[in-house]
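Enquirer: For reference, the chains in residue letters:
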Amino acid sequence: MSLDYVKFSPGFESFMPKEYRDMVEHGPFGKKTTVSQMGNFKEILEEHPMCAGCAMTLFIRLAIVAFPNPEDTITVGTAGCGRLAISQAAIPFVYGNYGDQNGVASGLSRGLRVRFGDKPKDVVVMAGDGGTADIGFQQVLHSWFRKERFTTIMLDNEVYGNTGGQESGMTTRGAVLKMAPLGKKFEKMDMVAMAKIAGCAYIATVVPNNPRRVESCIKKAVLIAREVGPTYIQAYTSCNIEYAIPTDQVMADAKTVEDDRYKFAEYVSEDAKAYLAERYGYKEYIQKPAAAIAKA
Amino acid sequence: MDSTAIIGTTNKKGQVITDPHIMMNDAPRTPSFFTGSEVIKEAVRRANVDVMVAYPITPQSEAAALCGELFAEGYIGDYFRGESEFAVMSQCAGAAFGGARVFTTTAGPGTMRAMENFPMWSGARLPIQCIVTCRGINSPLSIQPDTIEIAYLMNTGMLVWHAETAQDFYDWIIKGYMVSEEPDVHLPLALCCDGFFVTHTKDTVDLTPVDMCLPPYDPYRSPVPCMDMECPPVRMMRDPFVMKSNYISYATHASWQQEVWAAAERSRKHTIAWLDGLIETEDVDADILIVSSGTAVSQGREAIRLLADEGIRVGLVKIKTLRPWPEEELLEATKHASHIIVPEFNVIGWLAKEIKATIPNSKRVVAGPRVCGGMTLPPEVIVEEVKKAIGMRSGVLAGRGG
Numbered sequence: 001m002s003l004d005y006v007k008f009s010p011g012f013e014s015f016m017p018k019e020y021r022d023m024v025e026h027g028p029f030g031k032k033t034t035v036s037q038m039g040n041f042k043e044i045l046e047e048h049p050m051c052a053g054c055a056m057t058l059f060i061r062l063a064i065v066a067f068p069n070p071e072d073t074i075t076v077g078t079a080g081c082g083r084l085a086i087s088q089a090a091i092p093f094v095y096g097n098y099g100d101q102n103g104v105a106s107g108l109s110r111g112l113r114v115r116f117g118d119k120p121k122d123v124v125v126m127a128g129d130g131g132t133a134d135i136g137f138q139q140v141l142h143s144w145f146r147k148e149r150f151t152t153i154m155l156d157n158e159v160y161g162n163t164g165g166q167e168s169g170m171t172t173r174g175a176v177l178k179m180a181p182l183g184k185k186f187e188k189m190d191m192v193a194m195a196k197i198a199g200c201a202y203i204a205t206v207v208p209n210n211p212r213r214v215e216s217c218i219k220k221a222v223l224i225a226r227e228v229g230p231t232y233i234q235a236y237t238s239c240n241i242e243y244a245i246p247t248d249q250v251m252a253d254a255k256t257v258e259d260d261r262y263k264f265a266e267y268v269s270e271d272a273k274a275y276l277a278e279r280y281g282y283k284e285y286i287q288k289p290a291a292a293i294a295k296a
Numbered sequence: 001m002d003s004t005a006i007i008g009t010t011n012k013k014g015q016v017i018t019d020p021h022i023m024m025n026d027a028p029r030t031p032s033f034f035t036g037s038e039v040i041k042e043a044v045r046r047a048n049v050d051v052m053v054a055y056p057i058t059p060q061s062e063a064a065a066l067c068g069e070l071f072a073e074g075y076i077g078d079y080f081r082g083e084s085e086f087a088v089m090s091q092c093a094g095a096a097f098g099g100a101r102v103f104t105t106t107a108g109p110g111t112m113r114a115m116e117n118f119p120m121w122s123g124a125r126l127p128i129q130c131i132v133t134c135r136g137i138n139s140p141l142s143i144q145p146d147t148i149e150i151a152y153l154m155n156t157g158m159l160v161w162h163a164e165t166a167q168d169f170y171d172w173i174i175k176g177y178m179v180s181e182e183p184d185v186h187l188p189l190a191l192c193c194d195g196f197f198v199t200h201t202k203d204t205v206d207l208t209p210v211d212m213c214l215p216p217y218d219p220y221r222s223p224v225p226c227m228d229m230e231c232p233p234v235r236m237m238r239d240p241f242v243m244k245s246n247y248i249s250y251a252t253h254a255s256w257q258q259e260v261w262a263a264a265e266r267s268r269k270h271t272i273a274w275l276d277g278l279i280e281t282e283d284v285d286a287d288i289l290i291v292s293s294g295t296a297v298s299q300g301r302e303a304i305r306l307l308a309d310e311g312i313r314v315g316l317v318k319i320k321t322l323r324p325w326p327e328e329e330l331l332e333a334t335k336h337a338s339h340i341i342v343p344e345f346n347v348i349g350w351l352a353k354e355i356k357a358t359i360p361n362s363k364r365v366v367a368g369p370r371v372c373g374g375m376t377l378p379p380e381v382i383v384e385e386v387k388k389a390i391g392m393r394s395g396v397l398a399g400r401g402g
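Protein chains in written order, with the numbering used here: chain S, 1 to 296; chain B, 1 to 402.
No lab work stands behind these hints: they were computed from the structure.
Quantities reported herein were computed from a predicted structural model and do not represent experimental measurements.
Note that CB positions come from ideal geometry on N, CA and C, so glycine has one too.
Any given hint could be a false lead.
Facing chain B, a subset of chain S residues (Cβ under 7 Å, in silico) [stated by the list, open to error]:
1) Pro92
2) Val94
3) Gly96
Label pairs and their computed distance ranges (CB to CB) [what the hints assert, rightly or not]:
4) B/Ala251 x S/Lys18: 41 to 51 Å
5) B/Lys202 x S/Arg173: 52 to 62 Å
6) S/Phe8 x B/Glu328: 46 to 56 Å
7) S/Met179 x B/Ser249: 19 to 29 Å
8) B/Ala251 x S/Ala274: 31 to 41 Å
Simulated coverage check for chain S against chain B, where a stretch passes if three residues somewhere in it have a Cβ under 8 Å from a Cβ of chain B [as the list claims (entries may be wrong)]:
9) 64–75
10) 110–120
11) 137–150
I would like the entire structure built from these sequences, with the hints used as guidance.
Expert: Here's what the structure looks like:
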């Protein structure tokens, strides 16, 4: 009954808030909306309390538009800027304790499978670099090692933004930040490599400048997580406040960072490729006949 | 959903879903000789548990492992080992957020490591059941029974029950779900026992039929909707309000905390019905009473027998539930007593403090004898405390209680 829950109870239509009516009448539930249509439908996340020019907010909006099945999707987050926006989306958001988002998502994903069997109930973690790579590190890695079937998205602004600009494990070496008064002493953690070692079936690094790419990555990650295994997306979502990036330069900064240290990269396991091809018709992953390969 | 409609049907294991009152009150019982850990397994077998998360820590490891066997046998929907107690309790929270009936076990330092989760469970109204097999938490290291962790649990908003025997354990695990899942309660339950004394000793326990089980958890009877995108409203944020300048956030937090504790109070009527009262009493007209919880009650019973041999009449109050706290019951039970002896297995005497805060003329309360760090509490030590309280001379027991 997932789609039924967005409908009005008969007789209550005129009493519902306009925001709710708009969501029912113009929202993406049950439709195949894409980022190219943004502005033409009621988004799941519109208003939010983030800073002006926040790249993280743009990324979160893109990610949520890309959810393949928003009417059956639950997000999990933790303390941090991203939570302020995600918690205001029109889909459920779970917040536990700082850094336990991948533990909560593990239980949530399993509990939903026990209750609903094979019906897809997508669980998507969206948390910052502090929550994912630092305090939540153990739970993140173990959820991957256990092959938990949900997607983890790191909103990597390379700083503890919400608490006022302290260095995190994802801060680049040498950056002078609060609690790193002489510059950060060690390298940015290579979470992508760790995701590979831990067995994630899909991994991507993205910046928000390319909406269609973000959409494609999120969609693949969520679909693969349903049956194949854990998936991980690491997104550069700059903190224009703590890094003093002028608001009108936020996207230019993202482009520079993308060219420098945040190049788009995508890893898809062989199992995941076969799954995407067979289940969802992804042409690029359809195995070519051996003869065709030889001819090529 | 009509919850009675499923009564008489069978679950995946072929157990008959039975009216809990009939199962626990009327069904035949079979005496069985089991350890406390095995009793946990047998209760969970009949509790229709959806998800259990396990982690090894003495003395709960055996129970957690035995529940794994239940999963292998098909009695539990899902089971896995977490990476730490903090993670386990987070994983339990996730499963409960998704509407599953959840069970876990922990002990001592593990309880403390997971402590951040317990008030979160309460605040999120997640009716998870956590068995706490108490052990020492302090340095120097001890793995022996010590109930100091209960003092911390009592301030989390959870329901806290303290089992004395394996029979208590068996019945209360099953009944615990019935109380904690009531729509007007919907709180987690810390079901405590004194590790080793209960978990590792064998006792004869009367078990309900193995082919009967509880009705499954119905998450739609929760005061806070489960997160499955199957029921309105669309937006079901369980997120804290952190806009600190917003008066509404303070008001919301304050009122919600009060609601959590009010829910614990509302559990009182259900708990009384299921446990036949929050306390159990014997001979409370006596001038001297031993009031305690857990296995200290058993030691108190033996002390009463020893004292009776000397012609000293002593009554007994067994406290079953610490949250809700049996305030009215204690006021009534202790109204005749001139001396109230409170033996405890912990150094701080949290139970004596609670009792002193409850009854008038609290100088009647003797906060002891107390042992800690896994030290046993022989009934003779309680006898000595009673005699001291009433001004009788007694032989000094070397090395105990100074």
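Enquirer: Taking the hints in turn, state whether each one holds.
Expert: These are the hints, each one checked on the structure:
no.	hint	in the structure
1	Pro92	holds (4 Å)
2	Val94	holds (5 Å)
3	Gly96	holds (5 Å)
4	B/Ala251 x S/Lys18: 41 to 51 Å	violated (26 Å)
5	B/Lys202 x S/Arg173: 52 to 62 Å	holds (60 Å)
6	S/Phe8 x B/Glu328: 46 to 56 Å	holds (47 Å)
7	S/Met179 x B/Ser249: 19 to 29 Å	holds (27 Å)
8	B/Ala251 x S/Ala274: 31 to 41 Å	violated (54 Å)
9	64–75	holds (count 4)
10	110–120	holds (count 7)
11	137–150	holds (count 4)
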